[in-house]
Structures are given as C-alpha cells and as structure tokens.
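Protein sequence lines correspond, in order, to chains S and B. Heads up, the first sequence is in this note's numbering, so the first residue is 1 and it goes up one at a time. Heads up, the second sequence is in this note's numbering, so the first residue is 1001 and it goes up one at a time.
Simulated from the structure, these hints should not be mistaken for laboratory data. For clarity, every value in this text was computed on a predicted model and none was experimentally measured. Built from N, CA and C at the ideal position, the CB exists for glycine as well. Please note that a few of the clues may not be correct.
[As the list claims (entries may be wrong)] Cut-off 35 Å, straight-line C-alpha distance, at most; resulting in silico cross-link-like pairs (DSBU-like, lysine-lysine):
1) K1132/B to K1052/B
2) K1008/B to K8/S
3) K1052/B to K52/S
[To be verified] Reference excerpt, derived from the structure (chain B facing chain S, CB under 8 Å, subset only):
4) N1010
5) M1021
6) E1062
7) M1088
8) A1120
9) N1183
10) Y1342
Protein chains: 2
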Amino acid sequence: MSPTEPAKLNVVPFVSVDHMMKIVLEIGVEEVLTGLTEYLEADFRRWEIFDKTPRIASHSAEGVIELMPTSDGEVYGFKYVNGHPVNMAQGLQTVTAFGVLAEVVSGYPVLFSEMTILTALRTAAMSALAAKYLAPENAKSMAIIGNGAQSEFQALAFKAVLGVDTLRLYDIDPAATEKCAANLADSGFNIVRCTSPEEAVEGAAIITTVTADKQYATILTDNMVGAGVHINAIGGDCPGKTELHKDILLRSDIFVEYPQQTRIEGEIQQLPDDHPVTELWQVIRGEAPGRTAEGQITLFDSVGFAIEDFSALRYLRDQLERTGHYVELDMIADPDDPRDLYGMVLRAASGGAASGGAASGGD
Amino acid sequence: MSPTEPAKLNVVPFVSVDHMMKIVLEIGVEEVLTGLTEYLEADFRRWEIFDKTPRIASHSAEGVIELMPTSDGEVYGFKYVNGHPVNMAQGLQTVTAFGVLAEVVSGYPVLFSEMTILTALRTAAMSALAAKYLAPENAKSMAIIGNGAQSEFQALAFKAVLGVDTLRLYDIDPAATEKCAANLADSGFNIVRCTSPEEAVEGAAIITTVTADKQYATILTDNMVGAGVHINAIGGDCPGKTELHKDILLRSDIFVEYPQQTRIEGEIQQLPDDHPVTELWQVIRGEAPGRTAEGQITLFDSVGFAIEDFSALRYLRDQLERTGHYVELDMIADPDDPRDLYGMVLRAASGGAASGGAASGGD
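Chain S extracted, bound-state conformation:
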C-alpha cells in the first residue's frame, strides 16, 4: 500500500536499517544532512513549546539504556538508545537506537524506525547547525580527532551546511583514519592524514573531537587551541567522560543544548554548576549572541537531546511518501467495537481477524 491511500489505524510504518540506508542513498547523504539541519533549526526556533524531560536512564555495570521522550503538543516522540562501551570488543555497536512518533490527540503511534543510523546523521546535522551560528566565517578546514563511526557523518554535514572542504584527520589508531579517509575518498574533500592531534589542529578553523571509550581524557590541551577557532566537542557525552582540558573551557564561550543535561553529561561537568553557558536555541532565535569577535573561542558542548531525535523522526516521516522505503507493521489492536477486544481474538480463530500479516507493503 502506498502512503497516499487512506490510513489503516492498526498499522504503523516501520523503517528498517535496510530502508534507512536506501533512503540515505536515494536522497543523497548531503541532502539528508541539510534537510535534517533545517528540521533541527525549525524545532530549535520553537524550543519553548516542547516537553523537556531529562532522559530516563537504567544503568548497569556494562552500560546504560535510556528512554528520551518529548512532545510538541501535537506529536509525541521517544528514542530508545543504549550506550555500552564494552560492546565494541564483542563486535557489537556501542550505541544502537530505535524510535517512535505518535499522535498526541489519540496516542496512536504513526512511525517506528531504526535510529542507529538516524542518530549518527542527526548528531552530525546538529553539530553543523551549531557551527553555522558559531564557527568563524568562511571556515573551510576542519580537524577531526577520533575517526570512528561518527567521523564521516560529521565531515559530510560540515561540507553540506558550511562548505568545509579540507579535513585534517587524526586517530590514535591509524586504521581508523584510513577507514575514514577511504570512505570519504569520493566526497570531494582535501584529506590530510595526521600523525598527532597537534598536527591535526594546525590551521583548522573548526576542531571536532569525537573519540570514544575514554575516561576523563585530554584530547585537546590548552596550548593546542588558538584564538578564533570553533570547537565541536562530541565525545564528552556522559558522566565521567570528557575530552577537553578544563583550561580550554575557561577560555571559551560555551554553547549547549539543554543545560540541565549538559552539566551532568557534557564537557562542563568539569566546571562549577553556575559557570555561564548559552543555550543554543536562544542564539538561533537571535535572543542571545553567538560569535561576536574574531579571536573568540566558541565551544559547542554536544551531548544530544530528545528534541533532536524528534526533529530527525519528523524529517524521516516526511520522506516516506517520496521514497516508499518502509513496511507496515500490524502493531495496534483495532477491533470494530473498541469494547470487544476479546471478541476480536475469538473471531481470529475463524479467520475473521481485521489484520492480515505482520508486515506488508513498502519495497
């Protein structure tokens, strides 16, 4: 069934990992990243209307499982996401995710999607959005320290949104740098493989730190950060995990998504709770200054917030009709008489079930 036919109430469109890859390839990764940035920007402009709850975490010795809900009053969304640094040694993803959108008026789900790839895309788009407001003008060269799963997405988002054309790559594992460079070989970058973080930051207008598996690491020391750069700090994103030396934070103007969460999870967990930070949505709305001087160091202390996943799911939902890459899941029991749930079960015995199979349609 195509999405233009009348909605069946019992079915919910499902975007699998395979669908998501097809959507990205069909639309083009840079267009997807640009689109996501636009949806993020639109939602940051209406930041105040969202339900904002810190994520609900279930911690264990091995990692954390989190639920991240939000709502704009018309649409409700949540993401399930885990963080298990131990997974990589087992050949598993450190972070996997899926998410749901639902109608607030009825509570019925309207989209169910993989979000491992979508989170990687939205995280990169979010960085590019912040840099659009904070990076020095005509920044064309970016250092990427940490060349793991998020690095290519960051590079492509900064190219699509800001026109970054030169990448200075460094990873403690040269194989990761090779992987990143190889994956981006046909994307039109000038790629410089660096053998130290010091070499990577040389002449870069933007420094992206996106390392994993470190405890209170110091990826950047104070003397490595020159005047006027924009730091895009991705990897310091949970309690006990930071990447920047505290002295860098003290020299920077710091921009955050949601202070209540960033003070626990971000680079600024190293600072007192009352250290001044600016909320990015206020910059985007023109209600707070972003970059104001050439020599200023700006720092986007990224941890990721539920509203960003909401924006990403909203973007995805709007691509379903265009691409057709989804299937319909029979997720909602929908008896003809809402009071007759048991009767629906009984009638299924004689083949009278309202719904046929578990998944249908799509490609």
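The hints should help you fit chain B onto chain S, whose structure is shown.
Below, chain B alone, put in the same frame as chain S:
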C-alpha cells in the same frame, strides 16, 4: 529462520497483533492466563531486585502517553501505553500499547511486541494472582461490574486460576453485558445477567469493578459490600478516576502493587497518604498476612505496574519457539566493523548490505 538457528544480531523478533491472537488461540486463553500468573508470581517473589521507576507520563488535554521501564539486572523492559478516554467515540481503542525487552549486558533489543492484547491478559492474570492470596476459600461466584474490553479476560483468568464458575454481569449499557455473555458462552460459565449493581453483588464472593470513562464514580456503595468478600478494583487507575465509595476502603484491608504509584492512581487516592496498605509481593513471599479472617474484606487496588509488563513480555518470549508466531525485524545496524557505520551505508549502494529485507521468517 527458526529461533533455534544462531542469532542474527541485527534482527529482533516482532509479535504483531495477528501473531498475538494466534498465540493465544493456539495455546488456549486459559493456559496463557495461567502461564502469565505463574510468571507474575515468580517476578513478585523477586520484587526487590527490580529497578522501580514511576511511569514517565506526557499529559495532554485528550489523554496521556506513558513509558514504563524496569529491569531485573539481566533483562530490561519497557512498555509504551496511551490512555485516551476520548478515543472510543472515534472508534479507537482507549488504551493501546507495545513493548520491548532488551539484554542489559549489551543493550540490544531481543523482543518487540504489540501489547494491547498482552496488557489485557496480564491485567487479568494479575487480578487472579492477587485473588489467589486474598479471596475467600472456594470462591466460585464473581460479580463483574463493567462489561467492557477487560471483562472477559478477568472472567477467564479467575476461572483458570481459582476455578470461578459463576459470573454475575452488570453494565450500565446492557449491550456490553450481552457482548460479554456472548463472548463467554462457550467457556463453561454459569452466567447471570443482572440489571443493577446491587443484583450483581448478591452472593458473590468476589466483586470485580472494571468500568471506564468515569470521574470519581461510586460503582459500589458501602451497604453493597458484605463481610468476607474480596474486591478486585481494576477501573480506578488514574488520578481523578475511582470506583469505590471511601467508606468501603475504610472497612477493607488494602493490598497494592507499588504504593508510590497506587497512592496517586488507585482507589486510595481518596485516603490520606499514610493510610496503611500491604504490598502484594510481601504477601506472596509470606512476609505479610493476606486473608486472615472469614469476615475480612480484602481489596486489591490494581493500577498496573511496569514489572507486570516485564513478566508478560518474558512469558511471551518463552512462547516464541513453541508457536513460531513472529517475524524478524531488521532493527539494529550491525556493520562488520562497529566503527564503520558509514561504510555499511556506502556498501549498501552496491548491494552489499548485511541485511536483506525489513521483515522475514515467522509464519
């Protein structure tokens, strides 16, 4: 693929509404209810090891959307559930639900299921479990006041677990009573259709109240409740919604699932916060008394708790191999090299994706 083959990391078994109906019909609804009661009892016996969080609610004018997470340290589970009394007028379910189990050690989901039907089953099984410890001995007759979507499940659970053989049905809408009686016609009950709640409770050893859409209603008044009965109060389950007159509560010994939640959502929202209640898990473990005297009125003030959904999902998971009613969803991005998520997307362009379709296997 059958569940006995080696696990594929990227796929998660999905139980649709249609699958759930087939599972219930194939195993038999009474055996399912008995099985669920056993799983609930086992989890109530190890109550203390669970993570217990009040549900996370997003309220709107029309209803509420809730996430209900818990974990036993090895398995994590959550349910998404909405409550929209306005839905029935639109031909929609008041309550729909779905849920997930995941491995704590990796954070990877291991089961995704519809839970509208499963919640109806577990709610009834939970009532039967409470009554097993609280109802008078040899209780064979039950009044059911409110003959909507939950009523048949309640009747069948009390038959399967306690041997209840006589139902005294009453609903403000006689059509609901007819529907309930017709659905249960072949289930071996002696069914008495009643024209008033007073008639329904006559001679009943157990009184189940399970009405919907009422605000602080008084389904039972004090003079209707005789000595020695067990009251199974299902319908008073959110702030502002109760079914019993306060005086009944004051004459009863009250048993609850999780006091922190029941004091907000249950019948006891009518009582002071320090009114004594007994936690059911303590009765089941033999650490607190249940029914101690013939003339005692026992009241199970049911609101539903995350651990019960966890038990239900655990039961369902253990039926997958036996029934084969599920499909596999391609939910988890699983590149060969965990650092090479973007490379996986790129390789999908040349048909080299790890995963084929969105849903496969099953029936």
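Verification of the supplied hints:
1. K1132/B to K1052/B: holds, 24 Å
2. K1008/B to K8/S: Measuring from Cα to Cα gives roughly 31 Å; hence the hint holds.
3. K1052/B to K52/S: Holds: K1052/B and K52/S sit about 22 Å apart, inside 35 Å.
4. N1010: Hint holds; N1010/B Cβ to chain S Cβ min 6 Å, cut 8 Å.
5. M1021: Holds - the Cβ of M1021/B comes within 8 Å of chain S, reaching about 4 Å at its closest.
6. E1062: Interface hint status for E1062/B: holds (5 Å vs cutoff 8 Å).
7. M1088: holds, 5 Å
8. A1120: holds, 6 Å
9. N1183: At about 5 Å, which falls below the 8 Å cut-off, the nearest Cβ of chain S leaves the hint on N1183/B intact, so it holds.
10. Y1342: holds, 4 Å
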